[in-house]
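A.B. asks: Following the hints, position chains B, C, D, E and F with the ligands against chain A.
Residue numbers (our numbering), protein chains in the order written: chain A, 41 to 196; chain B, 41 to 196; chain C, 41 to 196; chain D, 736 to 1156; chain E, 736 to 1156; chain F, 736 to 1156.
Source of the hints: derived by calculation from the structure; they are not laboratory data.
Beta carbons: idealized from backbone N, C-alpha and C, even for Gly.
Hints are not guaranteed to be accurate.
Said to hold, decoys possible - Example chain F residues on the side facing chain B (calculated, C-beta under 8 Å, incomplete):
| # | residue |
| --- | --- |
| 1 | E833 |
| 2 | P846 |
| 3 | R941 |
Claimed, not checked - Quick look at which bits of chain E chain D covers, simulated, 3 or more residues with Cβ under 8 Å:
| # | stretch |
| --- | --- |
| 4 | 760-774 |
| 5 | 797-809 |
| 6 | 814-828 |
| 7 | 861-872 |
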Amino acid sequence: MNFQDYFELTQLYARYAQAVSSGQWELWPEFFTDDCSYRLQPRENHERGFPLATLSFESKGMLKDRVYGIRETLFHDPYYQRHVVGTPLVLKADADRFECEANYAVFRTKLSELSSVFSVGRYIDVVVRTAEGLKFASRQVIYDSEMIPNSVIYPL
Amino acid sequence: MNFQDYFELTQLYARYAQAVSSGQWELWPEFFTDDCSYRLQPRENHERGFPLATLSFESKGMLKDRVYGIRETLFHDPYYQRHVVGTPLVLKADADRFECEANYAVFRTKLSELSSVFSVGRYIDVVVRTAEGLKFASRQVIYDSEMIPNSVIYPL
Amino acid sequence: MNFQDYFELTQLYARYAQAVSSGQWELWPEFFTDDCSYRLQPRENHERGFPLATLSFESKGMLKDRVYGIRETLFHDPYYQRHVVGTPLVLKADADRFECEANYAVFRTKLSELSSVFSVGRYIDVVVRTAEGLKFASRQVIYDSEMIPNSVIYPL
Amino acid sequence: MDDTSAVFPQQIRWEDKGTSRIPFMAYTDADQHRRELERLFYRGHWCYVGLEAEIPEVGDFKRTVIGERSVIMVRDAEDSISVVENVCAHRGMQFCRERHGNRKAGGFTCPYHQWNYSLGGDLQGVPFRRGVKQDGKVNGGMPADFKPADHGLNKLEVATRGGVVFASFDAEVESLEDFMGPEILGYFDRLFNGRKLTILGYNRQRIPGNWKLMQENIKDPYHPGLLHTWFVTFGLWRADNKSELKMDRHHRHAAMISTRGASGKADQVTQVSSFKESMKLNDDRFLDIVPEPWWRGPTAVMMTLFPSVIFQQQVNSVSTRHIQPSGPGAFDFVWTHFGFEDDDDAMTLRRLRQANLFGPAGFVSADDGEVIELSQKGFEQKPFHRTLAELGGREVGDTDHMVTETLIRGMYEYWRKVMEA
Amino acid sequence: MDDTSAVFPQQIRWEDKGTSRIPFMAYTDADQHRRELERLFYRGHWCYVGLEAEIPEVGDFKRTVIGERSVIMVRDAEDSISVVENVCAHRGMQFCRERHGNRKAGGFTCPYHQWNYSLGGDLQGVPFRRGVKQDGKVNGGMPADFKPADHGLNKLEVATRGGVVFASFDAEVESLEDFMGPEILGYFDRLFNGRKLTILGYNRQRIPGNWKLMQENIKDPYHPGLLHTWFVTFGLWRADNKSELKMDRHHRHAAMISTRGASGKADQVTQVSSFKESMKLNDDRFLDIVPEPWWRGPTAVMMTLFPSVIFQQQVNSVSTRHIQPSGPGAFDFVWTHFGFEDDDDAMTLRRLRQANLFGPAGFVSADDGEVIELSQKGFEQKPFHRTLAELGGREVGDTDHMVTETLIRGMYEYWRKVMEA
Amino acid sequence: MDDTSAVFPQQIRWEDKGTSRIPFMAYTDADQHRRELERLFYRGHWCYVGLEAEIPEVGDFKRTVIGERSVIMVRDAEDSISVVENVCAHRGMQFCRERHGNRKAGGFTCPYHQWNYSLGGDLQGVPFRRGVKQDGKVNGGMPADFKPADHGLNKLEVATRGGVVFASFDAEVESLEDFMGPEILGYFDRLFNGRKLTILGYNRQRIPGNWKLMQENIKDPYHPGLLHTWFVTFGLWRADNKSELKMDRHHRHAAMISTRGASGKADQVTQVSSFKESMKLNDDRFLDIVPEPWWRGPTAVMMTLFPSVIFQQQVNSVSTRHIQPSGPGAFDFVWTHFGFEDDDDAMTLRRLRQANLFGPAGFVSADDGEVIELSQKGFEQKPFHRTLAELGGREVGDTDHMVTETLIRGMYEYWRKVMEA
Ligand code: FES
Ligand code: FES
Ligand code: FES
Ligand SMILES: [Fe+3]
Ligand SMILES: [Fe+3]
Ligand SMILES: [Fe+3]
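Next comes chain A alone, as it looks inside the complex (with noise of 0.2 Å):
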């Protein structure tokens, strides 16, 4: 692995980081392909073979869909969430694709309220190079957090 690759494959996760932080949704579909796959998936499931996820999105359009959702018809207790990710973990790279892995937490701070530990997981990931830079083919978040906190709005 080259310098510019790993400080590319770095930055996108420190993007996707503060993109996911940053309280503008509109950010994160386009941090995917079209055809991407994203699921959101408890890591008992994950681990006992069982194809249920939380959320399980199989394009792009899906993303988008989302991000509607949380817009304008989601009613929710706003929060804010905040995205600590660990350096990426490179399994596998080739020229133009890479398969990684990454631990992180997510922080809730609700108003007027402290911040709590909202999820912590890892990251399943498989990134590609595209024309606009690297984005996510797939991305699975697989969460230990067991009992979710009421809910999960916003993307993780």
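C.D. replies: Relative to the frame of chain A, chains B, C, D, E and F with the ligands by itself:
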């Protein structure tokens, strides 16, 4: 961006995280330029355009005055703090000047207590190259953590 | 420091974080040299110069004995743990030997429970180059987390 | 505090004999919550514990909860299903920690002193029961009159039907069929008609609100059109939907039966301001709905089985939703999505896609958890106050429409009967 | 527990008729805390809700708290200020979640079933109120006798003066002016003299101690010279400061008025061991103090308005500090720093710089939170004990000096009167 | 709740006069917990506070806890040890925050108003006690009748023996020697025989279970062979171990004395199913055990001193384990590992290596915390139930073997006597 710059940058962030987790508060001002700006501000004020900061320092001298206050005048219940900081996102890189952002989580541990989430948020930084290496010309600590758990004594 | 070394180093840290979050405890001893030192010690003992550690292992064999204990003899309430580790700070870099430190946060999730902060602290490491790649000759885990939430079963 | 308190009453107080105005204290008081556990979860009721498909093999077990008590559902040696309380008969340890697994070999052993129990809960091993022989002398051991038969695990009553498992701490509990009553049983059998179930997976959420609020939420047939914009936009909820509400004779259980209006564009028939004209899906595979023969008409049937479970059929998405209280102010809500043995891959994919609408992040369920949390906050700030559940009048009865809160009034009619006894 | 308990008394007990020895139980008991909420926050008192400048436009609102009840301060259609309780009249949801915003268009709508309220809190929309017509039949709807006028939001009494907004749940509450009394009113008007205020921003902290400890802290005029070394070193607190303490006739409110001694080096006049000779500021812009005409003498006036707010003028730094209890052992403390419309940029910068001294991290305020937390810890470990607030004697009265705890005794004199009634 | 409750009894209820069946409510009730604090920790008992070696120099102090009250152990000016309560006599602040340090210079000063105390706790400084002279007038100050002697820190009774420090809030408490009784005192003196101790360090854990469960755990001599597989495998616990159990006359304290069986391979003599044949250590330095002369036979002596401490000798590993309750459902458990002045480096290394077996992560101690947590969970889910501690019969008495729960019965015999008085 070349590797050497990237390496120095990531080391600056790592060294800062170590320093403010070490209890050796004297190390803290040395990460900044003489005419630096350091601001600890709630995300609310930042996003609503209110100028008030929880702490707003306009020089390295003020940072030294803060350290003196921590050491000599500010009574407080002592605690450990631990910074875990994500990879810096490089927004702008000139030869001797870098604009970066990074998400952080700080954990507080009081004597004979469990550790807890103390503050989470984002650094918005301007880093410059000096004779003594990279320094912060400006570091804004914009925190999500709406409700401060009593008080902030040590540098974030 | 050159990129290749830096890359391998960051990957070592990332791979360790994945391994000890994976539940595959057998992976853990393989990160160490045969005559390694692994110490889990409260910051209090470390800073006050007390030799006692919560766990103090002096060989890879002891690590393997620990894994056996986790698997076969140590009754415990099972839990997930998730490591989020900051960028390693490289304090000393020789050709085949690196002295590094890194801040960590480990989150615990018990079945049907919320995730919580389990342990936060600092790694103090000596990494050496071996035929099988980089390994820890020494890893000290100095934890801030004064009060352990009941017990520590899995490797930190 | 003083008895003259106007803001923080000592006792719950109803405005009248009816149940259209529910005191906020019905959701907040800790002592009353314990009484609810005892009278509603531990006595006289069948509580949901799981699905047979979760423990297909002899020795398979699943740890779950009834009210606030940990229990184990296990397939015992006779290949029938037992439910035992997860508390060791020796010194009380909650010995079973895995949430699922197989104990065919060896049954259950408590780690503290290795008391061993059969899958059915009979005590079959007590270390040192007869003491230890040393230097020709026998030391210690259990008293001569110790009878293992008296010290098994607490065994619950068990009833299974259509692959669903219920249990009760109450040996006198009526039959499961009588408990449900014919109306509800009919809808139960419609969903669980004997086909083998396949487990698709779980979702788990902790909702910081009183457990009854979830029962209310599913007994509140008109909120979807108001809160869940997507339902409306998708035409899943339309004012011209054919709808029926049915209860058991105690008014504790209910079924919300609805059938999508056949004709007309949603925006023509909806009268709901929440309708968002502009909305178009970028990817409509979320809504690839295919009717199934067993529906026999209704496109959605939501059953509330009091107090512990909700059975969901929303078009092709089917699940059980297990209510596990945790004090008056919170409950865990566990979703088990399933399919049927004869599903083809396309149908399984369909159920999984539609699952995006439900659960802790679902397009039309996440907000249910949110409104429950915020209702609880409202209750706690003025415990002397009460709700106003008078849509469709103040009476209780089955209806052929959704514009009513009658099911909520019915549930509290039953609640008062049991709690004020 | 047993009534003979010496360490954990059943009831709070005062040593005598006076209030110089305050039982630790005044800070720890949960039932008593609820009684405090009812008698001090919800009845007979005006509580701070905010500043008019926070909601300049019609429809602007701010969500805040009185005691432990969520309320909304809103500029209504008539451009006057209303305060309503944030609890839906339908089924009790705490419907307003944004903490600020504008609802000119559409007023307030509860998301659960879309009941809609005017900015002033009148119920103006109930979906399906008249039912839904289907196949010529009208289904459901609210009862014929349903009167929207009876089901608006809970409207509070509102009083504004000098741009500050107060509210009360108590319709019988006296006028704001009578509530403050002439003395306090004078100092209130000194700070809020009609000029438009400008909002500089907020600080929020959760202090794990009883809310009264913050009132005490600001009624404790001599601790700054002992706890807050910086005050002394900066000459902001000097033993030769001219000082006055004034109370309302009930002794519940107070003003601490001080004027910096004109002459002498601090170290000559201070008698305080906390003075640190060595200390020099590396950057003294923290202390760029410029007197303002409206001060009319005093360099610092700290007002405690019982029970809910503190008004701060410390040289050029002005703020309101809102006390929001959260059980007997904690409260949220919300700082609103402001300026005046006629401030030039230099003065604004000055106020912002001096803000470094105050708030959750302030050089001379952070430690107030710390001592409050640790006082609470002391109280909880021996609830049978009591404080000793006898500096300046055991009586209550205004003084012309700071060497006294009379304001604390005064506050508890009032507290006993109200709480023991 | 209603008095007829079967699941949640109002009052704790014992099945009989004996103590072999302990009600789960003995571990869960909050009021009863406060009564335990008062009767067991604050009255009539000596509680552990630390080791003299922790505060070798005049002015050295250590902050610790008795029951739930913060206290300070300090070496005072007379070079003797004082223990004072960490609550300021002025307004109650828990003034000491460092957990250890030296206050030879200046004694203790409370930061809030700088009341100053001698190392022994005498009040020696009150700022402004005589007021402040200004313009020839004396302002404020403490009342004329203020006697500093009446307002020192709360001073506890102190007893030290063999380098171990105990304290009591109770001035009438019997002597430490009478408190222990001759039997226990003998084993205490065996371990603390006058040699200087050296501190090796601390381990701290918060165990979410009732504090008595830790006393039970160490009064439960046969669980190691069942729960702690390593003990068996290592031959540290063998069925042919010589063992004795001894109690004081009140049956509140106990000593478990065991001596490793001399001969035979573990697997020949163990009857314990937990034995794992396969197990081999990769590095057996964990078990580099060297007998010490002072053992005088026993290889392990575990002493439970009721209510606050456990003294451990497990081969070469010696430690004190301090029990610090935190409500009925949790306690902090603080381990102080030590050695003796005459240890050579090899022995110190040995003690440190064997420390891997103990503490919050120890091979044979971590699981004790786990079973305690899970026992508490069991108790909370069915408070009407009880344990069955009948191994070795239902009586109480010393034994020459380990196959009994007699020490647990003994502890509750004492507990009932004190708690039911
Ligand atoms: S508690 Fe289960 S065997 Fe002893
Ligand atoms: S609760 Fe507000 S509209 Fe129903
Ligand atoms: S509280 Fe300790 S000096 Fe005032
Ligand atoms: Fe819903
Ligand atoms: Fe102060
Ligand atoms: Fe043990």
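A.B. asks: Please flag the earlier hints that this structure goes against, numbers listed from lowest up.
C.D. replies: none
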